[in-house]
Every structure is written in C-alpha cells, then in structure tokens.
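The residues making up each chain are set out below.
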Amino acid sequence: MAGLIYPAIQQFMPFYRNIAAKIALLPMIVISLTVFVGCIIYSFVYSLTNSKLVPVMNYVGFDQYERLFKQRKWDVAVENIFIYGFVFTIGCLIIGFLLAVLIDQKIRGESLFRTIFLYPYAMSFVVTGLVWKWVLNPTFGLENSMHMWGMTWFELDWLVNRDLAIYAVCIAAVWQGAGFVMVLMLAGLRGIDEDIWKSLSIEGVAKWKSYIFVILPMLRPMVVTAIVLIAAGVVKVYDLILALTSGGPGYATTTPAMYVMENFFSRANLGQAFAASIIMFISVVCILAPWAFYEFYLRNKYANN
Amino acid sequence: MKKFFSILLTIFIPLSFTNVSKAAGHMEAEVIHWWTSGGEQAAISEFAKAWEEMGNTWIDTAITGGDNARGTTVNRIIGGNPPTAAQFNVSKQFVDLVEQGLLQSLEEVASAEGWRDFIYPPELIETCEFEGEFYCVPVNIHSWQWMWINNDVYKQVGLPVPQTFEEFLAGAPKIQEAGIIPLALGGQTWQESGMFGVVSSSILGFPHMQKIFRDKDVDTLRDGRFEDVLNTYRELNQFTDEGSPGRLWNDTTAMVIEGKAAMQVMGDWARGEFAVAGKEAMVDYSCVIPGKEKYVALGGDVFVFPKNDDPKVKDAQLAMASMMVNQTVQAKFNNAKGSLPMRLDVDTSAADACMQMGLDLIQNPDAIMRESDDWNTPAFTAAWDDIISEFRNDPNYTVAQVMDDLEGVLTSGL
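Residue numbers (the working numbering), protein chains in the order written: chain A, 0 to 304; chain B, 639 to 1052.
None of these hints come from the bench; they were simulated from the model. A hint or two may mislead.
What the hints assert, rightly or not - Below, simulated DSS-like cross-link-like pairs (lysine-lysine); rule was C-alpha separation at most 27 Å, straight line: (1) Lys849(B) with Lys69(A); (2) Lys235(A) with Lys69(A); (3) Lys69(A) with Lys854(B); (4) Lys898(B) with Lys132(A).
Said to hold, decoys possible - The calculated label-pair distances, taken between Cβ atoms and stated as ranges, are: (5) Asp156(A) with Arg863(B): 30 to 36 Å; (6) Trp207(A) with Ser1050(B): 53 to 59 Å; (7) Glu865(B) with Tyr293(A): 50 to 56 Å.
Please read these numbers as outputs of a predicted model, since none were measured by experiment. Every residue gets a Cβ at the ideal spot worked out from N, C-alpha and C, and that includes glycine.
Bound-form chain B, shown alone (with noise of 0.2 Å):
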C-alpha cells in the first residue's frame, strides 16, 4: 500500500533524483531546506561551506515556503527517495516520522559528544529526543515576541514608544490622524495567527498558555481573560491598512522600515530586513518584547535526517549532525541568520542590540516561553489559527462564537 501511495505521489510531486556517491572518504549530502531569502540563503551556505571545507559535497535543495518544503521531504521519505537531511520548525512537525521509524537516530553522535550537556535551553532537547535517543538536531531559536517599530514616526507625533499592546493603543488614533497606519499586519494566516500569539501571551503571561496548549484545560480557557486577548486583537486590527490581505511579511516590514507604518509584530527575522535597510536598532527602529513579563519563544529550526539502506549515507548524516552543533559553526550560521544560537558557549560579540536582549532573556529560564506547536499537532494548530484568522476577517465573528469554536478545537483531539 505503501508503495503504491508513492507511485501516488511520484505524480504530482516532481521529484529531484540523485545517486549518492560510493567514493571512500568523501561524502555527498543533500540537504532540502526553506530557506531562500538574502539572509536565510547566507546563513544556510555557513552549513555548506563547512560542510565542504571537510571535504565532501553539498547538494542545495531549496524550496521556498516552509510548507512546500516540508511536503516535498516527506513525499521523498515516502516514495523512497529520502535526501540526507532536511528542515523541519521545533514542534511536533515530524513526530509521525519518528513513530513510523523513518528518521536516523542519532544517539551515537549525540552521547558522544555530549548534546545533552551543552545544548540550551533544555526544551530543545526535549523536542529532539523520543524514548532516550536523539531524532533530530537544533540549529537556532527564533522568538515570536517583538514588536518593530519606526522611532521617526512616534518621534514626529511626539509620543514615547510603547512597551505594551495598552500603550500602542493608546496612541494609535494619533498615529491615524497623522495619516501614517498605526499598525503593519501582513494579512496571511501565519502572520494573523503569530501576531495573535504575541498578544495573547503578553496578556495572559506563559504559566496561563501552557495550560491551555500543553493541558488542554477547558476552564483555564473558559475563565475569561482569554476574551480580552480577544478584544484587545480586535482592536488592533481597526489601525491596519485595506492593503494587508495577502500582503508578505517583508513587504510589511518595508512598510515600518520606510515610515509608511508606525509598528509591526513580528519574529526576529524581521531584523535582518531593517539590517539590510541599513538602519540602526533603538536608534532608528525599536524592538520591544511587550508585556510586562518579557518572554523569549522557542521557535527555531531543526534538521531531521531520513533513514537510508546506503551505509555510507548514514555516515555522512552523523557527520553532517556533528557539524552542525559545532561552535565555530553555530557563531558564524546565527550571525548570518539573526537568530539565537542553541548552546551559550558561542562567540555572539557581533550581536545588535535587539539580539542581545534576546541573548540576555534567554539566559533566565523562566523567561522561555513554548508555543502552542511545541504541543500540538500541525492539525491542531492550522485549525486554531483558521478560526484567529478569520475572527480578524470577518467582523460579524463574535467573541461568544469565537470561544465556542476554539473550545471545539481544543476538545478535538488532534
């Protein structure tokens, strides 16, 4: 049955054949990845060139959208043609790989050279280990929590910049009249859903969503205060412009970065777009974890490595796993990504300011925050995120209604 799904499939996914070397000593990897944009493409070839510095080869396979990406490893695996390593986010992604044996373990490497001493914070190891063994390797955190905003514009309307949601609230009308749009908000699913995420954990605080996402606590739900991080978004979304549905979160970002906007929420990955643009952090733009607990999500990426009836493949996947949690690597690969390293014994002296914020929150355990998919099911969270999604679209959505279907949600077992 299997292979016939994979004949299935072989139909609509073209597929990219390559013959994995035989040559002793040098090995070949290919390595399908998402990430395609200026800083995504230099941070991924930190991998590549010291993957080949150790003599072997590196086979790109970019595909763009984490989605795409994603289905394409996964037909791969199944029709059996698995690449040497591939990209998945920290979260419950892959489990099912896991389970059905389909990923390299790799406990070998990983008792060897001590991941479990050295890799911070500890929930990342969690994400990785299934019944006492390694699946897969964290390469960087990224955190959802901040919100960018351009100091020119409050600066022109004469208010300080916001620390909390309140705050920006408060001055948005101000914003408006000056005809600048309070808020940048890419209208697409994963934006609309992130954003809400921010909302509700700087409102609710972390201990209040883990008891949600990770317990499925129907009361904690129930006890009304998720309603004002109901409100409180439906607010926000009054101070967007008519331009954001389907807009992309760079073309938003650029939106902040030229004045055309006063503030965007948004992960840390909206810093390498400002750095490009050549501004300075907290002199040009701020970036501000809102909230007044301040939090650091774990969001990040891992690679997960295909089992392969090819000896040699498994040793390039240990190798290659090595390599990846090196130090020297692992400084280089975060300062082109903007993300935060997964050990805390690495040279981060080239860090901005916001990144050291990141740095320093992150070094406090009660500061790091999980999200919902560190939890959940890609199943659970799609359907969460349908019903942020379109709370924020269709105004006749009532918060009554609202909390209904995300209780329904919740009870659903996915």
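Chain A extracted, bound-state conformation (with noise of 0.2 Å):
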C-alpha cells in the first residue's frame, strides 16, 4: 500500500520530492538563512545610524550612502573593482585555456608542466602578493636587476604609477589564477570524444578552428564554472591588494571591499562601512541574478521541453 502511496504523494506534491536529500539539506538551509540573510538584514539596519566605533541605533536615514557617493576614493574603488574584474577574468580565461591546449598536445613532461603551471595557485594571496612587489619594485625589484645588466633602458614602474598600479595588481592576479583555469580546461578537453577529433581532421578543419568553434562551445560547462569561481573572487578581492600595494600609491589601487574594511577596523566609522557593504552586496546581486537566472534555471527549463 505504501509503495503505491508514496510515489503518488511524490508526484503531486513537489516538496516531498526527495524528502531524504532535502532534510540532510536543512542545517545548510538554516545557517545560510540566519548567518547571511540575518546579516545583510543587520548591515543594512545599521547603515542608517551614524554608527562609529560600536554600533549604535542612531537613526540618520540614507546620509551615509549620500557621504559615500560623494567620496572620490569610493569613485576610484568601484573603478578599480571593474578594471580589476574584467582583465583578471579575461586574462584567466584566455591564458589558462591556452595553457590547457597547449599541455593537451601530448607533450613530453605533461605533468611536469601541469604542476609549474598550477604552482601559483597553491600560494595564497599575501604571498603571491609579497613575490610580486619584490618583483615589481623599482629600487630592488626587476627593473634593478636589468639596470644592472646594463639594459637601462628597461623601465617597470607599474607598481608606483598610480595609473598603471592596478593592472600589477591584475598580473600578480593572473599569474596566480591562470594554472587553476587551466586544469578545469585540461579536464574538459580530456573528456572530448576521441571521435570527434577524428571526424574534424576528416573534415579537414584546421587545428585552430576546431578548438575556437567545435571544441571551446562543448566546454561550456568548465567555462561557466571557471567564470563563477574567478567571478566570487574578484568581489572580494582584498589581501592580494594589500600585500601588493596596500592600496596605494594614495588610494590609486584601493578596492570596495578594502574601504568597508577599512572603515570597519581602522577608521571606527561602522556606518559607512555598513553602507558601502550593502551596496556592494546590490551591485552583486544585479550583476548576478539575470545571468545566474539564465544559466541555471532558464536554460535548464528549455533544456528539459
């Protein structure tokens, strides 16, 4: 009798659907709704105060988003987070998956090269940091080094030009990411039908169009997860910049989440700290939910009619 009820129940009302998994689920379920929930809530209470050193319920309205829009430093941190974003996840991407075609031409010493390649990523970012501002310092770094090899031509001032600053910061970046990018690529190329490569060389299609136009389209599943996990780390972004540059030179390198760590730690102003959060919290959310929208639900949805 049970065995004809219960997938009856199952069929007509989704929430029993795979009851076991969803009641192991619930712990998750319950700690990211009182933990993160319950926090962006409690953050954005207190961005209305004018909060200092500990929080209190002053209510002052939006005047701290108002202070916060008005700041330039802030101007130059969201500027910083795009530029910092867009060249770390190209640069990843393009970059890894080069590496990953190139190790996949069955190479001599393939897992010798595999490890050199994805060695950065087992550092973390406050070393990463630390090897590339010795690397990039003007006075004892690379420069120095060729100067006194005699090439004093040789000019890399990156690290102190406030212009330039970031994109160090975005090499430093790359230079870590790249290997990981490049394994999630190299697995996805392994998993490519030997036949299929029989049928392009049949075919006759260049080496280089098949991998652009038949082999990059089937590996979409690795590109998204790789843009996702690049993407989470490029909001939060922070000890690569401080070891790096600390923010400097001025604020030239200086990221959102560094001003709401700075305001929260160093300069006693929790209400501000609390307001730049929040927004960085909806710029995520907009950048985010269409696109995760698409790709999880809208794609699946058609994929399934």
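Dock the two chains into a complex; use the hints.
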C-alpha cells in the first residue's frame, strides 16, 4: 500500500520529492538564512545609523549613502573593481585555455608542466602579493636587475605609477589564477570524445578552428564553472592588494572590499562600512542575478522541454 | 543585537581566550598593545617586569599594527571577552567606548594618588577625563615635529643643516645633483599625512591649526595660507625617490642613516633607529624641529581598562593603572621607548641631545601643540588623510580641488 501511495504523494506534492536530501540540507539552509540573510539585514539596518566605533541605533536616514557617493575614494574603488574584474577574468580564461590547449598536445613531461602552471594557485594571495611586490619594485626588483645587466632602457614602474598600479595587481592575480583555469579546461579537453577529433580531421578543419568553433562551445560547463569561481574571487579581492600595494600609491588601487574593511576596523566608522557593503551586495546581485537566472533556470527549462 | 554582532565578529577575528585567575593576592592581567619593534618591546617589558615584581602575572598580547590591535580590542570588548588593559593613542579613538559605558573608571585611584597634580602637560588629563572621571592612563608623549638629517650628506655638498622646510628646499637640488635622495618618505598614508601635519604646523603655527581643527573654522582654512602649505608639500614631494610607495617608516629611516637620503620627517620614535645603528645625536645626525616657532606635539599612548564583571579584574586594573604612572616605572619605560614621560618629576639623566631638546621644550606651555586627532574622530582624520595622500600621489589633483575637498571634510560633521 505504502509502495503505491508514496510515489503518488511525490508526484503531486513536489515538496516531498527527495525528502531525505532536503532534510540533509536543512542545517545548511538554516545557517545560510540566519547568517547570510541575517547579516545582510543587520548591515542594512545599521547602515542607516551614524555608528562609529560600536554599533548604536542612532537613525540618520540615508546620510551614510550620500556621503559614500561623494567620496572620491569610493569612485576610485568602484572603477578599480571593474578594471580588475574584467582583466582578471578575461586574462585567466584566455591564458588558462591556451595553457590547457598547449598541454593537451600530448607533449613530453606533461605532468611537470601541469604542476609548474598550477603551482602559483597553491600560494595564498598574501604570498603572491609579496612576491610580485618584490619583482615589480623599481629600486630592488626586476628593473634594478635589468639595469645592473646593462639594459638601462628597461623601465618597469607599474607598481609605483598610479595609473598602472591596478594592472600590476591584475598581472599578479592572473599569474595566480590562470593555472587553476588551465586544470579545469584540461579536464574538459580530456573529456572530449576521440571520435570528434577524428571526424574533424576527416573534414579537414584546421586545428585552431576546431578548438575555437567546436571544442570551446563543448567546454561550456567548464567555462561557466571557471567564470563563477573567478567572479566570486573578484568581488572579495582584498588580501592580494593589501600585500601588493596596500591600496597605494595614494589610494589608486583601493577596492570596495578594502574601503569596507578600512572603515570597519581602522577608521571606527561602522555606519559608512555598512553602507558600502550594502552597495557592494546590491551591485553583485544586480550583475549576477539575471545571468544566474538564465544559466541555471531558463536553460534547464528549455533543455527539459 | 549586540550579542548577534559579537557572534558575527567572532567568526572573523580569532580570539584568544584566557582565564582570569581567582587566586587571592595574585593578579593576572592580559594586556593588548602594538609594541613589537625592538625598542618598543624593551619598553613594554619594563611594565611587565614591574607588574611581575608585584607578584602578579602578565599575559602579553602583542598585535602588529595599531589599527589591528585597536580593532581586536574593540571586538573583544563587544564580544564579551575584554582584555584587562589595552593600548590606544592620545586621541579620540576610545571616546565611543567611554560613552557606551564599556570602560572602567579609574577615578578611585586617580584622586587617591592625585593624578591631576602631577600629570604634565594638563592637556593629557583632558584626553583621559570624561565627566570628571579618569578613564585612561597616559604613559608617554611622542611628537611628530622632527626632521631627521644625515650630517655627512650636508657636509659633503657643503651646505649648512637646514632649520626650516624653505632652507631644505633651497638646498635639495644640490643634494640631488650629488646623487643622493633629498627627502626620504615612505609612501604610506600615515607617513604622508604625518609629514603634512609637520609642514602645516611649521608654516601656520599652532593657533592657526587649532582654529581649523578644533573650531572647524572654514574662514581660517580659506584665508589663503593653507595653499602655501599645500604648495610646499607638493614641492617637497618632488625630491623623493620612486621606491617610496608602500615603504615602511624604519626602512625609510635606514636610508637616512646610511646616507642614501638626506632627510626624513618622522616622529621621535625614529631616534631609536639611529641609536640602534650606533649613531650619535648632533654628531652623525641632526634632529631639527622645523619652523620659526618650535613645537612639541602631544601625541603618545594611553592604556584603557575595559569593564569586567569579575571584581578581581577591577582590582588588577586599578593596581596596574597606579603602576603605570609610578615615577620609577615611568623613568625606565620612557628611557627604553625614547619618548617623554607624562610627568616632570622623573629621572631623565639618560636622555640624549635630541630627547633633551624635547624635554626643554615641553616645559614651556606655549610650545605644546595638539594635533587634529585630539579633537576629531578617526573617521574625520582618515578622510582628511586620504585627501592629503591623494594630493601627494596625483599630480592632476589641483590645490583648488584639494581645498574644496578639505572644506568638505571640515564641514561634514564626521
């Protein structure tokens, strides 16, 4: 009897579908709701106050937001996160894909190269930041070495040049992240059926064309995964910049996350920090929501139909 | 809500939990501070030694960087696990803690020992006193108002040691020609704004500064003299090197010590670096308080004592507060730290020529200068410093724009 009823319940009441899995997920759901949603609400409420060192309920309306948008520093931070996000994502994808394709050419010592390329990813952002800080330092880094080798025309002042410093940060980040994308792509490439390659070569399609027009679209899930992981890293970038430039020269490489942390911990300006973090949250939702909706919901729907 | 906030912070800030000893007569105290360099460690250990000689236990929680240390203190207080004592600067940094009733009043011991009679200068009392009660212990005085100069460099180029920024600027091109960096400056916001503060007080004088920073008087800011400060500051910055961004202050001082650079503007804690390098004041290096009128700024450190439910902790806190202002302890501590003591009746026979200069100056009440952060919140000084740092680093940021932005901060009500 039960064997008949249970599937019937499942069919008509979707809530009971996979009930065991849902129970198992319950703690995670509860934690997400209380911690994430709770914190967001808390931050929003206190962003409407003039809290300084400790949170106090002293309502000032949207003053903190008004002040935030008047800050030159905030403008710089927002601009930087877009530059960083764009260069870092594109850089990682292109270099990661290229490395994967090159390694996929059945070369000798493949595992050695794979290890070398993946190695930077094993380092924390703080170490990455310090390494590149030394490499790019004009007084004792690469520029100095080149000068000592007689190449005095060589100039590498990115780190101390306020217009280029953010790109120096991007280089360090791409160096760290590209290997990870490479591994993802390589796994995807290894999953491509031999027959596809055979038929492509029978058709006489050039190798580079096969990669770009046939293989790359087949790697779509890998690309999506890579973008999601990279994008999550973009928004929260903090430690890399702290180690590499500390937001300098001046505040030329500051980011929204740094702005929040600064106001939160060293400037005793909690209200402002909350306001900035709420703006960060809203922007992330605005960018990610439509795309995530398409990628994870609409596409499945069409695929199922 | 406070509880919730504490949980939130606990996730981000690793806390070190300590058990407060219940044993009678023997007291345990955990002290958070940011004194981690060689000279600083020597200084704090004088406190620890004195505390342990009293038969107590000292738990040292040293956290690198003032910002981090203060952040940890605040988070632990709000999280319900306060340290016995914690370091702050002579400033408005801890006002909120007092207003929220989170700090232990020290009035009991302060009035019993007559702190108001011996703490000098009296401005330090103002820093610690709220509604007639003491809430912090000033332990030393540090002044930013110094130029540290390598004498050999000036001998080499045949120039006298400069006494003002104008004289320095006049000689700077000659030093540059000799292949030496005229101005050593570490490109971190606090160093840039610290030097800016010295330039402004040496040009404007303290009464003028007071009108701007204490009274928030826009007309004083706009009377045309502040532009001179900005221009002088911009001129000075032409004489730094390109390795400046992000350089630490002590690495920068080392450049002056080694003769790679001629001059650094830095607080009197730089003296420790010269001493460690075996250099002699006024022989190998000069310390100059720039400007026609000479000031000693009233920076420095205080300790606060967060409230605790345990009455034993309060006893320990009052005992420690009393120990910190003790004459003998003050003498040992400040000799190690290189700072000026917070009372005049302390033995300073070990002082070198530079420290003596500060000691002589501080006895004259007109020469005592206060800084922006004595009157203003960290949020205000940080917003101000951002503009100064950006002004130094962005050549397209015009003086007129900077003046508008500074006025914006002054009237922001931060």
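Check your understanding: Is Lys849(B) within 27 Å of Lys69(A), Cα to Cα?
Key -> Status holds; Cα separation ~25 Å.
Practice item. For the pair supplied as a hint, Lys235(A) and Lys69(A), confirm whether the alpha-carbon distance does not exceed 27 Å. Key: holds, 23 Å
Exercise for review: Take a look at whether the Cβ-Cβ distance between Asp156(A) and Arg863(B) falls inside 30 to 36 Å.
Suggested key: Cβ of Asp156(A) to Cβ of Arg863(B): about 35 Å, so the range 30 to 36 Å holds.
Exercise for review: Given the hint of 50 to 56 Å, check if Glu865(B) and Tyr293(A) actually sit that far apart at their C-beta atoms.
Suggested key: At 55 Å between Cβs, range holds.
Point to revise | Given pair status - Lys854(B), Lys69(A), alpha carbons within 27 Å | key: Given that 27 Å is the threshold and the Cα spacing comes to 20 Å, the pair holds.
Review point. In this structure, is the beta-carbon distance linking Trp207(A) and Ser1050(B) contained in 53 to 59 Å?
Key: holds, 58 Å
Exercise for review: Below or equal to 27 Å on CA atoms is what counts here, so check Lys898(B) against Lys132(A).
Suggested key: The given pair, whose Cα atoms are some 22 Å apart, holds under the 27 Å limit.
Against the hints set out earlier in the document, no violation occurs for any number.
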